[in-house]
Each structure stands twice: as C-alpha cells, then as structure tokens.
Amino acid sequence: MTPALELRAVGMTFGGLKALSAFDLSLQAGELVGLIGPNGAGKTTAFNAVTGVYAPTEGEVLVGGERVNGLRPYQICVRGVARTFQNIRLFRELSALDNVRVACHAGAKSGFFDALFLTPHHRAEERRILGRADEYLAVMGLSHRRDELSRNLPYGEQRRLEIARALATGPRVLCLDEPAAGMNASEKVELMALIRSIRDRFGIAVLVIEHDMRLVMGVSERVVVLDHGVTIAHGTPEEVRRDPRVIEAYLGDAYLEERQIELPPGSSVSPTRGASFPATITAAAPSPNRAAATRLRFE
Amino acid sequence: MTTAPGRAAGVLLGFLPFAVALAALAVLQPLLPPTATIVLINVGVNVVLAVSLNVVNGFTGQFSLGHAGFMAVGAYTSAKITLAFADVQLAFLPEAVSDQLVFAVALAASMAVTGLAGFVVGMPSLRLRGDYLAIVTLGFGEIIRSIIENVAWLGGALGLSGLPRRTNVVWIGISAVATVIMARRLAGSTQGRALFAIREDEVAAEAMGVDTTGYKVRAFAISAAYAGLAGALSAHLIQLATPGSYGFIRSMEVVVMVVLGGLGSITGSVIAAALLTISLEGLRGFQEYRMVVYALLLVVLMLTRPQGILGSRELWDLWRRPRPPANPPLASTGEDGNGEGAA
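In order, the protein sequences belong to chains U and W. FYI, the working numbering numbers position 39 of the first sequence as 47, with every residue one higher than the one before it. FYI, the working numbering numbers position 313 of the second sequence as 376, with every residue one higher than the one before it.
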C-alpha cells in the first residue's frame, strides 16, 4: 500500500548549517507517529519541508505516492497534508466557523464570478461548505463557539479550533506541531485522547511533533528521535525510551556515565555533535566539568 | 440561508437589487435639481472607488496606493470609445437609446481593460507586502499617468476633451449598487473568506490551501476593474479626461475614505465616501482652506476613532440578531462534555 506520506533521504541546508540530513520517514494511513528531539534538533525543519514552507535541498517528499518537492504550501495542502502551528496561527478576526470554512475552501470549484452572480452552483457549494464546517466544529466540541471571533476563544479551544481547521482541508496526513505547548497536565491527557479519536475516526495518518515526552510516548505507535538533524532512534515508544542515544541526547553524556550506560559501538552521534558545534564547546566537552557543557547545550 | 431556491428564483434574486435601483433612479432623476445631481454623481463615483479599493485594502489587507492610475485607464478607454462612436447612430434605434448603448459598451470595455491592467500590475507587485507594496502601487499609478501624458494618441498632457455627457443619476446609481453588491457577495463567499484569511495570516492561509498569490492578484484585478468604471463615469460627467486628475492625490483621497469608513467595512466605505464628498462640496465657499479643514477632519477622526467610522462591522450587522447555534448533524466525539447542548 502506498504510504500516505513518505520522506526519502530528505536534507535541508541553510547556508552552511545542515538542519536536517538523510531523514527517512514513512507513514501509512491510520498511523500515529511522534517526532521528538531536543531544541534545535530539526523537528520543525522536517515539518516545514513536508508542508512546503521550505523546499528540501535533498531527497524526496511523497504524498500518497506523488512527489511534492518544491510545490507551494497550498498545493501540498490540496494534495492532502494539513498542519497546525506551534504558535497558534488562527485567523483571529474571523469567527470560529469562518476559520473552518476557509479550510473547506481547498476543494471549492466555484470562482469569483460565480460568487458575484450567486450562481446556483455557487450556492450549492456554500451550503456544502457550511455543512462540513459545522461538522468539524462539532467533532472538536466547538459548536457552542461557532459565531465567536477566534481570538476570543480560550487557549485550549484555540488549539482545538486549529485542529478542526486542519481537518477541514480533508487531509491524508495531519501534522501537529507541538499541540500540547502551553497546556496543563489534565489538558494534555484530554488532548492525547482527542488525537487518538481523530485518527480512529478519520483513518488518517498523524504526525506529532512534541517536546513533552510523556504525551508523545503515550499517544504514538512509533517514535522518531532527531538530534542535530540526524535520526538517532526509530521504533516503538518502549524501544526509544531505552535507547542510550536518546537518553544521551536528552540528558547528556554525564548522565550516561553516572548510570554506566554504554553507547552502542559505531554510534555516529558524538562526532556529529562535535562537528556542528563551535570549537569552544567541543574543547570544553572532555574537561571534568561536563555538567556545565551539557547545560550549555540545553539552552 | 435560503431554503433550496429554484434556479429561476436564484437568478431573480441575483438581479433583484439592480431592478429595484433602476426603477427608483429613473423616477428620481428628472426630479433632482442640477447641482444636487452633480454632488450625487460625485458621491456615487467615490462610493464605487472606495468600496472597490476596500476589496484590496480592507478585505485582503494589501495596501494599494495606485487606484487613480486604474481610474485613468478606465476613463481613457471609455473616452476613446465614446469619441469614436460620437457620430455613429444605430439606424434602428432612437438617438438617445443608441447613445446609451454605446456608453454601456464603453463602460463594460473600460472595466475589462482596467481589470486586465490590474492583473498585469498586480502580478509583479503583489509579491511584496506592506509598505513595499504601497510604494510599488504608487509607482505603477504614476507610470500609468506619465504614459498617458506622453502619448499623443491619448491627447498628451491636455487629455481628451469634448466627451459626450452621458453619466447621469441612473448610471451612477446602478454602478454604486453593483459595486456594493459585488463587495457584499464577495465577503459572503468562500472566495471572500480566502481573502480575509490572507489578511489575517498569510502563512496559515497558504497552509490551509489558499493560493495566496492567485487570490491577491484576482482581488486586485477586480478592484481595478471597478476603479476603471468609476474613472469612465467621472470622465463622462466632466466631459474631459486629463492625466492631471488621476494623480497621487486622487489615490490618496480614496485611501482616506476607506480608512475613515473602517478597513473591511463596505457600508463604512459608502458612508465615508458620501461624507467626505459632501463636506468637500460644502467647503467650496472657502476654497483656499478646503484642504486644511479636510486634513483636520481626518486628524480628529483618527484620534477619536482610529478603527474608522464603522470599524470592521457593517450597517446590516446592526439589526441582524446573532443566529442561535445550529445543531450539526454529527454529534461530538464526547471527549469533553462541556461543549454541546447550550441552545
């Protein structure tokens, strides 16, 4: 079966900085995959390469088997990739309903002149869009906010409205960029259930970027871990949780040493890190004060 | 909204406002005194200009300063046509009808040509945004004006004179109604919502499948076409088309009307256009201080009501009650029981 989304050796270079290299990922319909990694690991870069904000400098992005490299974001959206944003980007002065209705626009056939002359075709389409938008609002439990301006919605509902809007584009793949950012523990639990139910209900592939390990481990079937643009681990949450390279990336090598965890032989992690960091920090790394170096990295 | 209207009913509804306006204006025209007619026509021209500019500046959030340039294109296109057909009379029609028919063709042609001009200008300039777009559109407006000034066929700096006087209250009324209806229908359609989305957040709009560049250019072309209509109408009122009347100041006047009425508000633009035109007319007595008073009016309004007269609301919103939340066909997933049922 053709994967809903497939990335083949995708690389992204900004000037001299390699933000993402040889990134492979394949999502089947109905799969829920988490993408994690420390700050600056390249998660959002990977996202932007998928959604067309950047054209990847290397490799291929395929949506439903079709190559989408270098297409504009709206074209990729029409082909079935929808996204939410890390920092909420709703249409603030539009009502919740209109936010969703904009997203229903993707498949609209009627043009400007249909709108000007109110052709029957246009009216039928408007009715269809209205029905769909109401449906998605209901799915996300936002029907009671229908006519309210989206900027007046509470934070959690704004996040849900963003998801409703993304769903309304009729995607094969839903990309959620840190959906739990700024939520408290109970809201996160609710969100996890919601993400699952969306996947089950619409049968679409979901790719979640998350900082919060607990959320991502709890919700995803597979987890990909990035660090400095390199995929350092890939597997079920359980496997990834125990992977020394992941622990090292998140907690630093001082932690590994303390717990006497061995890095697997041939691990490419440390050289990469050395190469991409300024000389001063590399020089500091072997010094006894490793904790300080680690702290630096976490900023 | 309407419950399954038939095809015929839909078409009827589409043309209803025009039919009503036509009848009302035809009755009104002979009753008006000449001075009132001229003021009314000027109001109409400015309504067309302001409402059409609002589609770009208010709906789409792109700041255009070149509206007068498009007026010029419309004025000259229609002037060329009416001058060419000045002595031609369609044999099978009475003279008055034949003249009006030629004028109607001229108006349609000027809209088409100006729309095309808007498309051509919009393609390169709408890659920019904000201040940069304003400067580029300003530049294009001036380019159009200087081209006209230097082409002998278009009468050079003297312009084209001796145009027949065709613009009357009926034409202007129909045009103003057509512009308002266009804007209103656009605002209520999926295309209009795409424009609003571009105004609110271009990155998000693009990610939601809106072809932002395409929609910006289309909005720009539509807006330009109506500016051309306004240009054609005003040229056939003063019976003259000179490049001097389509300068930066004219563009600025229209921008002022849009901002004053409230960016994005159609009725706001109408009110502001009427208010400014009539007050400028009223200030004709002390000609020298006209612009001073005008400027003061703007300063005071912006200090007291920076969002414009109506903000982003519409007059018709004032007496429309908010609709009760509809019960959608699909039930909620029930993850959070706090939502539904609050009818």
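If you are wondering where the hints come from, they were derived from the structure by calculation, not from laboratory data. This one's a predicted model, so the numbers in the text were calculated from it and none came from an experiment. One should not assume that every hint holds.
[To be verified] Just so you have them, the derived chain W footprint on chain U, three or more residues with Cβ under 8 Å:
| id | segment |
| --- | --- |
| 1 | 11–18 |
| 2 | 69–82 |
| 3 | 85–99 |
Beta carbons: idealized from backbone N, C-alpha and C, even for Gly.
Here is what the structure says about each hint:
By the rule of at least three residues with a Cβ nearer than 8 Å to a Cβ of chain W, the coverage given for the segment 11–18 of chain U is violated, with 0 such residues. With 3 residues carrying a beta carbon less than 8 Å from a beta carbon of chain W, the segment 69–82 of chain U meets the three-residue requirement, and the given coverage holds. Under the rule that three or more residues need a Cβ within less than 8 Å of chain W, the assignment of the segment 85–99 of chain U holds, with 8 such residues.
The structure is inconsistent with hint 1 alone, although it conforms to all the rest.
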